[in-house]
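K.L.:
Reading the sequence shown from the start, the letters are residues 1125 to 1718 in the numbering used here.
Think of the hints as simulated: they come from the structure by calculation, not from any bench.
Watch out, some of these pointers could steer you wrong.
[Unchecked claim] Between beta-carbon pairs, the in silico distance windows are:
| id | residue 1 | residue 2 | range |
| --- | --- | --- | --- |
| 1 | 1667 | 1694 | 42 to 52 Å |
| 2 | 1472 | 1584 | 19 to 29 Å |
| 3 | 1596 | 1205 | 21 to 31 Å |
| 4 | 1684 | 1544 | 19 to 29 Å |
| 5 | 1582 | 1472 | 48 to 58 Å |
| 6 | 1264 | 1153 | 13 to 23 Å |
| 7 | 1220 | 1382 | 26 to 36 Å |
| 8 | 1513 | 1381 | 37 to 47 Å |
| 9 | 1629 | 1317 | 21 to 31 Å |
Quick reminder that beta carbons are idealized off the backbone N, C-alpha and C, glycines included.
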Amino acid sequence: MLSRYPIFVKRDLDGFFGLAIDNLVQLLLILALCGGLCGMWGDNESYIYRHILPGVAVSLLIGNVFYALQAHWVARRERRSDVTALPYGINTVSLLVYVFFVMKPTYDRTGDAELAWKMGLVACLGSGIIEFVGAFFAERLRRNTPRAALLSTLAGIAITFISMTFALEIWQRPLVAMVPMAVVLVVYFSQVTFPLGIPGGLVAVLLGTALAWGLGAIGVATGVPMDTQAVQSAWEQHGKYWPIWSGTDLWEFITDSTYRAGIIGMLSVIIPMGLFNVIGSLQNIESAEAGGDVFATGPSLAVNGIGTIAAALFGSCFPTTIYIGHPGWKAMGARAGYSWLNGLVMTAICLTGTVPVIAKVVPMEAGIAIVLWIGIVITAQAFQASPLRHAPAAAMGLFPAIAAWGALIVAEALTQAQLHPVVSTTGATQPAIVAAGAPAPAAPGRQTATPTMQDLLTGRIAGTGENMKLGGFLLHGMNIMERGYIFTCMIMAAIAAFLIDRRFFQAAGWSLGAAVLTLVGLIHAYQLAGNTVDFWLIFTRPAAGSYTYNAYPVAIGYLLMAGVFAGLGLRHRHDLEAAHTVEDARVVSETMEH
């Protein structure tokens, strides 16, 4: 019998808080990065409040409403009442990449905030077009890829870039963040319920907010400054900011021959990011299916692309994406209501300029435990929703993401060291993490020289070079694995899964694909200027003075792997019947491995 699918359930509030916090973090990043790095402050602040944020509102509303409706359609078709909508929001990786590799370089070169904004619009539009076109081909890829390969990529991202980030926040600010974490854990691990059915996420956020303000009021240092004056200052930005059509400005910019060379030069950033967004969204659709909710791949990806295109046409520089974490929201008990509620609330705060106000009233620490839990569930799903025998393949897919996280930490640490150089007052050696053979401490009153990653890899400092290790880890190796890690995670896990099932020719095919992607420059190849790592695509010219690695040896390595696997396939083609790697992954059950 068909159970009525509700428009809203209490647990949708839990899902909303988790998704809203995730989106709010992106909005705060937009304010900080565009204002601090792209010249959008003072008189130019209008680009953020009158163009970018209203454009974000349009894109979020389109996607959140569609995915909520999609959940209703699936529930009606399958006669179920427990369907959870796909989570959706601003793409964090694209946001950072487009700021640092598209908008900031444009502003640094020209000093023109408007030009930086328009170049960001081009990047966003390009990404949206790639996402939309990719919707027509992605289902075939998904159906021929082992589930462990798709889910292990998400697990790697979840355990590093999501869970680890918020875990560090929680343990650094325990007085505010650990009580909300305790609430989240008992609600979702122990299935404890609160009186009157109050959602655990709401309780966590309220307790965290009360602790931040209450402890601060009695003079306890929590590391989370709460200030009524800051709230009042943030309120000064509120107003009505309706979406403004930017398509005309965008078209004039694209067709202006003056900027054509700059736009073409940015394709080396736009194309890889567009492809990564397609693959990432595809993996999240697979994650939803593994959790029991089957959504059509084509429409899901197409609307994601449409949302990104709409963002560009209404002034936002930042693509949207189907978010990682569907199994977490489903386990919370969220349905479709959290999606449309997030769309409405995010639209309201973007169109009223109240993003800074909310950030000053409700500390991030009050709700980040929800996102931490989402990351834990995603990581667990990679092993639970795949055949048990593919667990080693899921583990194999974690390594590139972990290496990418390590590379990011190293690059950011070196960058911060340069931005905040040590000034010697005594000339004595100061405790520091330095490379062997690094320059001696500076004389009193002088700044110490801080090496860049490029200095370390090019051997400009004695004892360094391509074999340079930090804490025992090869720096060059981390960069190699970091470039295109979303592809590499999936490729290595797929190869492992096919080998486990003795499907040698399929493993050889994936190895050949990896070789092609490496030669093209979508994985492993990179250029390095200072501490900034970027793609180095085939037939493109690297930045002047940068350190480059074409990754041809890695491509040859993949070709040799393909040869080994193909040779084994020929030798054993009549010996044993291969298991159905992909098919088995779609029909995993509790009894499958017993």
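K.L.:
Confirm or reject each hint.
P.N.:
Status of the hints after comparison with the structure:
| no. | hint | in the structure |
| --- | --- | --- |
| 1 | 1667 - 1694: 42 to 52 Å | holds, 45 Å |
| 2 | 1472 - 1584: 19 to 29 Å | violated, 52 Å |
| 3 | 1596 - 1205: 21 to 31 Å | violated, 52 Å |
| 4 | 1684 - 1544: 19 to 29 Å | violated, 45 Å |
| 5 | 1582 - 1472: 48 to 58 Å | holds, 51 Å |
| 6 | 1264 - 1153: 13 to 23 Å | violated, 35 Å |
| 7 | 1220 - 1382: 26 to 36 Å | holds, 28 Å |
| 8 | 1513 - 1381: 37 to 47 Å | violated, 58 Å |
| 9 | 1629 - 1317: 21 to 31 Å | violated, 52 Å |
Against the hints set out earlier in the document, violations occur for numbers 2, 3, 4, 6, 8, 9.
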